[in-house]
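Student: Protein chains in written order, with the numbering used here: chain A, 58 to 414; chain B, 58 to 414; chain C, 58 to 414; chain D, 58 to 414.
Since the hints were made in silico from the structure, they are not lab data. Please note: incorrect hints may appear among the correct ones.
Note: identical chains are not told apart, hence a pair may lie in one copy or across any two.
Unchecked claim - In the BS3-like style, the derived pairs of lysine-lysine whose C-alpha atoms are separated by at most 27 Å in a straight line are: (1) 153 - 98; (2) 311 - 238; (3) 332 - 312; (4) 311 - 400; (5) 60 - 410.
There are 4 protein chains.
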Amino acid sequence: MTKNMVISIDIPSGLMGEDNTGNISDNIIQADFTLTFQFPKISFFFAENEKNLGIWEVLPIRLHPDGIAQTLTDFRLIEKEEIQQIIQKRSRFGHKGTYGHALLIAGSFGKMGAAILASKACLRSGAGLLTTHVPHFGYQIIQTAVPEAMASVDQHDSIFTEFPDLSHFSAIGVGPGIDQKTNTKRAINELIERSKLPLVIDADALNILAENKTWLEKLPEKSILTPHPGEFKRLVGETENSYIRIQKQIEFSKKYKVIVVLKGAFTSVSTPDGKLYFNSTGNPGMATAGSGDVLTGIILGLLAQGISSENAALAGVYMHGLSGDLAVLQNSEFSLVAGDIVKFLGKAFLSLKSGSK
Amino acid sequence: MTKNMVISIDIPSGLMGEDNTGNISDNIIQADFTLTFQFPKISFFFAENEKNLGIWEVLPIRLHPDGIAQTLTDFRLIEKEEIQQIIQKRSRFGHKGTYGHALLIAGSFGKMGAAILASKACLRSGAGLLTTHVPHFGYQIIQTAVPEAMASVDQHDSIFTEFPDLSHFSAIGVGPGIDQKTNTKRAINELIERSKLPLVIDADALNILAENKTWLEKLPEKSILTPHPGEFKRLVGETENSYIRIQKQIEFSKKYKVIVVLKGAFTSVSTPDGKLYFNSTGNPGMATAGSGDVLTGIILGLLAQGISSENAALAGVYMHGLSGDLAVLQNSEFSLVAGDIVKFLGKAFLSLKSGSK
Amino acid sequence: MTKNMVISIDIPSGLMGEDNTGNISDNIIQADFTLTFQFPKISFFFAENEKNLGIWEVLPIRLHPDGIAQTLTDFRLIEKEEIQQIIQKRSRFGHKGTYGHALLIAGSFGKMGAAILASKACLRSGAGLLTTHVPHFGYQIIQTAVPEAMASVDQHDSIFTEFPDLSHFSAIGVGPGIDQKTNTKRAINELIERSKLPLVIDADALNILAENKTWLEKLPEKSILTPHPGEFKRLVGETENSYIRIQKQIEFSKKYKVIVVLKGAFTSVSTPDGKLYFNSTGNPGMATAGSGDVLTGIILGLLAQGISSENAALAGVYMHGLSGDLAVLQNSEFSLVAGDIVKFLGKAFLSLKSGSK
Amino acid sequence: MTKNMVISIDIPSGLMGEDNTGNISDNIIQADFTLTFQFPKISFFFAENEKNLGIWEVLPIRLHPDGIAQTLTDFRLIEKEEIQQIIQKRSRFGHKGTYGHALLIAGSFGKMGAAILASKACLRSGAGLLTTHVPHFGYQIIQTAVPEAMASVDQHDSIFTEFPDLSHFSAIGVGPGIDQKTNTKRAINELIERSKLPLVIDADALNILAENKTWLEKLPEKSILTPHPGEFKRLVGETENSYIRIQKQIEFSKKYKVIVVLKGAFTSVSTPDGKLYFNSTGNPGMATAGSGDVLTGIILGLLAQGISSENAALAGVYMHGLSGDLAVLQNSEFSLVAGDIVKFLGKAFLSLKSGSK
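Take these sequences, add in the hints, and give me the full structure.
Tutor: What follows is the structure in structure tokens.
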């Protein structure tokens, strides 16, 4: 083992910028630092290359803006300027109806916290109204913990089996903590068939989809799926490496006309037109229980206001990470809990307007 | 579309200061900014004129105070100095009885948050004591969330059907989240007939009134009704525009001898003597679930202390907006939730005494 | 009505320093300000003299300390230096057993908030352990709201009817929110007979005592009663004025060998040896629901640690007011709620050590 | 009694540095201050010597580092540098699975707060996921208070009698508030026999062990026991003094191959290899209800992430004290409650990285 520090310029020798399938890892330089030119390469966002890249940083080399603009690519980094365009100042005369009415279907016996966290996140992302649908045993919990949300109560004591009239809602999210019982599967199927709105689909709802892949064809167009890598694997099968995984992600989005938010250190968002975006915010302290529920709530809240599915997914992912980045400064990577991410959403939206990241 | 910035002086050409009924909108200048002399005109407070006015600001032109005082008008702006007169320093020897005992009737199955938010707002607006009447299934929720309130529990599990002996109370509020079931209607009717105190009437209680307009005649004098535009429409029917709507508001107040708080970007408060006040505080972040419940709580809390109905309505509307204005600085327009408005009430009351707005 | 400001020196002409019984109020100067020499007079602490005194302040005139010390009086002001003697730094090797185990009996159906507030206050005043005894319907409420307290649960659903083995406890408090049902009265009687420890008795427990005055003889010596003026009247009957009321308070303390904490703007504490202390902290914002429950919790928490009844009452009253004085700076007199007093207890104890009040 | 201040240099005359068994306390100097050379002696950490030592401080006398390193000792002080080695920065690509899934078995009827406090502490110490197993009556309480935890619900209403499939978990903690009913004892026995992971064992689980000492032989290797002195006495019998007590602690650790965390002013941690560590953080304000539950949660959270039992115990004890030291600055020794220790964990982890203690 060398004692010298290894700094790679642009990219460690042997590492490809995109696909490293078949590349023998031991033959690639293991850098302590990588200083890369103008843009991070796609392979920089993959866990398996961390040992080769070390800590990486981008060095601007003054490529000509026109050159950049004319270079076509389906890969983008989600950055502040873009999100600022999506998150616009509100009109003076907006009222709670202007900002939509979200329906969140979440929680089951033992997993009611998912409903609490997603509900709070939805309300703190700007939805005008929120109805959270919970099983009967979750009624007091959600009403005590989230007074701003209305509760719709399932006839079933412990799981999701039915849903209210969908015509009242401007956005629908389903999945956090709902478990995978038979009657829940039936209700998910019915929801997919009945909904005229794109759905935000997370967690157990994704696992149910993975077991019933024929339902994928019936998903409302522009629905947003938010799998973590384990859930994604259940949907598309094993993938050899991260590069092939994002290829599958893009294919999936195109095939089913949905947005896929593949959660990870650099969350990737794929859209039906074949584009893929890597997120630039977030930190390892966010790898904590309920963090995904918060993301679902944020995306749902943005969608409810009339923001498009693509933009809600991009801004949701970015704001989730940004809020976590602000929260970790007060709470440390060890102590950060999902509720902290919700608490810092206000500061995150405020910081969007300001000059700093 | 012009590329030049349009600045209107006093008022955009073609826009009337009050009534624009029949005025063809396309023929009116669409300014980016309007700099108006000494006072905003009434039409500035209406949503439909926003596109003509752009951002407006008042330029003092040193009109003589006597001139102003001698110009009779039924329209006023609610401003800080006026509210300071209403919200006076407390006597050293006041006790909790001095500040009254409020009764709040709120909440139903699935909408208990309305009771929580209104209760907290009432207590943070200075009521000495508060009893919140809730359906049986709301019992644990209210007692856990608002320890300072006593609970009166309906014999019905999920809705409001009866009320406690009214003689103990110095102010009564009803409506947030109560739903509109048959037995609730019956209870509302009985409450109106029995109450010797003016009532604060909000939300579903207003919708019940709208369905039973003959009950309006029986409303205790100086009751305060707090409709949003949709609820107001149910009470008085469709109105062609905002100007005609405030005319109807004034008529309604005079006819039924009640105060009407018509909620909106510039909330208007009409009184039985035919006056109408526009509020000067608040922001679009307050267009969020539960915001109206908080307002009801504030007005109820002020009323309980012996402040007159007119003054409680004016100060309530102003303090609600002021608290929201302080809250939005920490939470952003997107992330502000109704509970934040409650939390900033203390700072809002403190800021009344200070030099700044 | 005079337009000139009236300043009284030492005391407004016509006002007696102590007893103003029979004094004709209209014949006494009504000052705007009173500048009094060296000490406030007893009559300064009475509500009925506020209109004569206006705002008063003490002017030190350098009376000789020996002269002061040699002047015998049964009346004292509770001041910081005295409380600092009572609230001592803890030993490095103390453990939770060192600081005692308090039993709080509080709450009934609809009044569980009293149990929450008193429990939190007790824990934040230094008790090592706390068991809160609540009716069955209060179980989930207290355990959710106050995780640091253990719950003892009554067999009765909605009221207090029995108590746990008293031998485990170092201090016992009873009364906040317990209501006055027959079985509760029976349980209070039994508690008085069985307890070998002085009791802290508040609220409904006082009202029960007032209805059963023969039980007063059986009160454990050095018990602490915390009536507000209404409750005190039920105990001793109507009193003509505040001066006569404190005479009755002193008599009561001597007769029953108890400490009486008569709550008000200047709370007075009387002890079995005939002394009476006026409190110097507190503000009108504290005239709010649950404020008394917090006081009961503080006194109980101090008593549990082995502080004497007299000192626990004096320090409890002082700390309650001091915490309220700190809380009001952040919350205003209007918005202060009882929970705020609990929250500022830590700052209040910290401020005891520092130079400022 | 002397009026002169007594300062001992290195150690008060007559006091031994380790064992004072048989030493006549009255013959030992009672210092007000002790200034000791380079290291505190073992006897400094014992309550019975506080009166002899007064306030002690360490004076560095520049002993040669090599000399220190070569002096073998089984006694160590837990200090910041050591804990910094244990608490490492997280990898960018960690996910919630990386940080493990903890199982906490805690709470019983009337003692659900223990489950809340330990759960929150576990989540704020970095566990990726947490399942808290509670009796049926504790279900709503834990789900309302700790949304980030999943709940596993016992079939028994009020106590612990069974546990979920252990194969899902990376760390298991048991004991806070579980009571000692027969069926709980049976479940503890079964847990010990079935667990392939070391257990964190606290409170009532320790008392059950003390009644069934034959089970000690079956404890999973490297389990962590966290008794306070009373619980420790039940395990090993009466000990004459603190020195003999730590000897027994070391023996116990060696015999049963477990880590023992003996809680006190200077918590001592003994390991199976015969070493003993004294903690250097903490304060008397932490002698409060629920403080031990928080410690159990912290150790469990660290263990879940894959930190070794020894290191989790050492770091847990240190972080618990450090968080309490930060919390007491805001809350005072009197007002500190266990929940405050949880709240300051984030600041404590942050402060580990910084230069200050």
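Student: Would you mind marking each hint as holding or not holding in the structure?
Tutor: Hint check:
{"no.": "1", "hint": "153 - 98", "in the structure": "between (43 Å within a copy, 26 Å between copies)"}
{"no.": "2", "hint": "311 - 238", "in the structure": "neither (30 Å within a copy, 48 Å between copies)"}
{"no.": "3", "hint": "332 - 312", "in the structure": "within (13 Å within a copy, 62 Å between copies)"}
{"no.": "4", "hint": "311 - 400", "in the structure": "neither (35 Å within a copy, 46 Å between copies)"}
{"no.": "5", "hint": "60 - 410", "in the structure": "between (45 Å within a copy, 25 Å between copies)"}
In the structure shown, a violation is registered for the earlier hints numbered 2 and 4, in ascending order.
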